[in-house]
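K.L.:
Chains A and B are the protein sequences, given in the same order.
Each residue of the first sequence is one higher than the one before, starting from 34 at the first, in the working numbering.
Each residue of the second sequence is one higher than the one before, starting from -13 at the first, in the working numbering.
For the record, the hints were derived by calculation from the structure and aren't laboratory data.
One or more hints might be untrue.
Pulled from the structure, derived: some chain B residues nowhere near chain A, Cβ distances all over 10 Å [claimed, not checked]: (1) K(-8); (2) G26; (3) F37; (4) L92; (5) E134.
Cβ pair distances, simulated, as ranges [stated by the list, open to error]: (6) B:S57 / A:P328: 27 to 35 Å; (7) B:I124 / A:A211: 48 to 56 Å; (8) B:C30 / A:R252: 27 to 35 Å; (9) B:E119 / A:A235: 55 to 63 Å; (10) A:I457 / B:L131: 33 to 41 Å; (11) B:E67 / A:E79: 47 to 55 Å; (12) A:I457 / B:E19: 29 to 37 Å; (13) B:S57 / A:I98: 22 to 30 Å; (14) A:D416 / B:E19: 39 to 47 Å; (15) A:I427 / B:E91: 48 to 56 Å; (16) B:E19 / A:G341: 54 to 62 Å; (17) B:E126 / A:E289: 51 to 59 Å; (18) B:G45 / A:A235: 23 to 31 Å.
By construction, the Cβ of each residue, glycine as well, lies at the ideal position given by its N, Cα and C atoms.
As a plain string of letters, each chain reads:
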Amino acid sequence: MENKIKEKFNDGMVKANDSYMKSRRVTIDPITRLEGHGKIDILLDEKGEVEKAYYQIPELRGFEIFCKGKPAEDMPQITSRICGVCPTAHHMAGTKALDSLYKIEPTSAAKKLRELIYSLFMLEDHALHVYVLGGPDFIVGPDAPKASRNILGVIEKVGLDTGKKVIAMRKRIRSLIAYLGGKVIHPVFGLPGGVSKGIDPADLQLFKDIAKEALEFSRFTLKVFNDIVLKNDEYLKLITSDTYTHHTYYMGLVDENNKVNFYDGKIRVVDPNGKEYIKFNTDKYLDHIAEHVEPWSYVKFCYLKQLGWKGFTDDSSTSVYAVAPLARLNASNGMATAEAQTAYDDYFKTLGGKPVHHTLANHWARVIEMIYAAERLNELVNDPEITSKDIRTIPVETPSVGIGVVEAPRGTLIHHYETDEKGIITKVNLIVATQNNSARIAMSVDKAAKGLIHGGKVNDGLLNMIEMAFRAYDPCNACATHSLPGTVPIEISIYDKSRKLIDKISR
Amino acid sequence: MNSIPKKILVLGMGNDIMGDDAAGLVAARRLEEKLNTGGGVDFCFMSSAGFILMDVMEGYDKVLVLDSVLSGEKSAGDIRELDKSELMGKYSGSPHYTGLPEIIELAKRLELDFPDELRALVIGINEKGILRESLSSIIEEKIPLFAEKAAQIINSWQKEPKALKAELLTI
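Just chain A, with the same shape it has in the complex:
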């Protein structure tokens, strides 16, 4: 099997590289991609203006082949190993795919427990992005020195006490995930038809206490964002600037009232004017999502299938869509909880109504989703059914096809499994959030580069502002899950009009 994977891989590499070399005369090292590097190639014209900027993201290849022959029940564990950053999302999508595969309805208590652990995960992951990954862009400042654009710079800005609060909250949330899932990184929680563990009534108070703290923490985070970002006119101008704006479709899971839902519901898509384009059951995703291949990238670019591929277009004729927090808010009619709804209303009022097309507004949307996750968490821990012992329905049907969809922190995540009658995997298809977003991310990097680089002048601050264009999506680059001592580099290469490399920066 290993040789087959290698052959297929090498064949693809050769073809893609040849094609790219012919069309662009710029070399991409295919190995670099598989190590988890992000890569941006910026091509300048004779005046030093940007002709085109290409953003490359790595893709874990051969995963579908690897899964063939494995028992379907192993998939939530196997797929959670794809990514060390959001394993809970893969675990949950995989678990829901097993429900679908075995045509089984989880018990009511099991669904609530799943949503509880998922709310904890979304809250923790979003907090991490706000304070650590994307936050430095605004909290420290987009043009701040490179050395301070990290969590340490954030701590300098918000103070040690806030830093301690963030770290402590994360730890408390993770302790609850570990209580239910056993392992925080690769949880063993979801089973077809239910979950492996419930909440002991004796431990419920701890859940209630942490849920309460989590809501306070989310409110605090909204205040921090409000004070540092929204009260700064320059930042608001940056968020709403054309450089970071695209008119595309938006996709997200919604409940029966068209409110944002992370765990379940139908997939709703709105057009660039904010009108509902389509709403469909998750098992119909193949009727509505298709993938386009470009010679310069191994990543497949998702688009709305019934519209056909219209290119990387940025107007009402486009078929490109976005996922992630901004898209979820655009694709819904609101939030299902009170405080999140208030924040949602403020968001659209401030940013000029629905839909919001500003990529950097993802950061604010993320904070609103933290409020929702915390409120929903409080609802769930106070639900009388949450300590029920009726946490699993045993599957009896013969498996065939299973499709599970959740909203991962970075957007819609689709798992699709097919098996033989014994439940052995014969086919796997995964569409991860960053893949759903890949066309819009490519457009964002290109537009930011064109808007920011002029006369061939490139510096670290400008390059950071180009990176901000994709950082807002919280793209997942590190499929290989870890890299000691801890760098997942991004390389930015700048080529002159004759495609000679004139500068290369590694981060």
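Fit chain B to the supplied structure of chain A, relying on the hints for placement.
P.N.:
Coordinates of chain B only, in the frame set by chain A:
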């Protein structure tokens, strides 16, 4: 006070569906099986870096990380200890990641109860992006040596004052 043992953690890192990337995990598991510590050493097996490492390492006096690094064909199977500059490295500046250097610095600034000594043993591997649930033969045969070197570090720590003495079995 001299009777209080040092809290020691062995942190095996890697992804167990990615071939030789799992070498650190496998070595840590072997060490756990073979090292009779009298309860003085904890083991943790991780497939992720980032902030989770802070949670894992907090409260320990000493941490030994076992991991793999991409080294190229010639150095595949070579086992070495990362020096301070490699361990501290540079801040990742990644959009999606917080590396060990930031975590160490952050823990210091937040005055967390963080290890006063952190060492990392790594084994060179030459596989990139391979999906497989086993090690290559080159790496597999180096696992006993990898675990042995790790045991030597653990033993040296346990011989320090306030430490429990571990009995190293034949590995």
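K.L.:
Against this structure, judge whether each hint is valid.
P.N.:
Tested hints:
| no. | hint | result |
| --- | --- | --- |
| 1 | K(-8) | holds (23 Å) |
| 2 | G26 | holds (23 Å) |
| 3 | F37 | violated (6 Å) |
| 4 | L92 | violated (6 Å) |
| 5 | E134 | holds (20 Å) |
| 6 | B:S57 / A:P328: 27 to 35 Å | holds (32 Å) |
| 7 | B:I124 / A:A211: 48 to 56 Å | violated (36 Å) |
| 8 | B:C30 / A:R252: 27 to 35 Å | holds (34 Å) |
| 9 | B:E119 / A:A235: 55 to 63 Å | violated (39 Å) |
| 10 | A:I457 / B:L131: 33 to 41 Å | holds (38 Å) |
| 11 | B:E67 / A:E79: 47 to 55 Å | holds (51 Å) |
| 12 | A:I457 / B:E19: 29 to 37 Å | holds (32 Å) |
| 13 | B:S57 / A:I98: 22 to 30 Å | holds (26 Å) |
| 14 | A:D416 / B:E19: 39 to 47 Å | holds (44 Å) |
| 15 | A:I427 / B:E91: 48 to 56 Å | holds (50 Å) |
| 16 | B:E19 / A:G341: 54 to 62 Å | holds (58 Å) |
| 17 | B:E126 / A:E289: 51 to 59 Å | holds (54 Å) |
| 18 | B:G45 / A:A235: 23 to 31 Å | holds (25 Å) |
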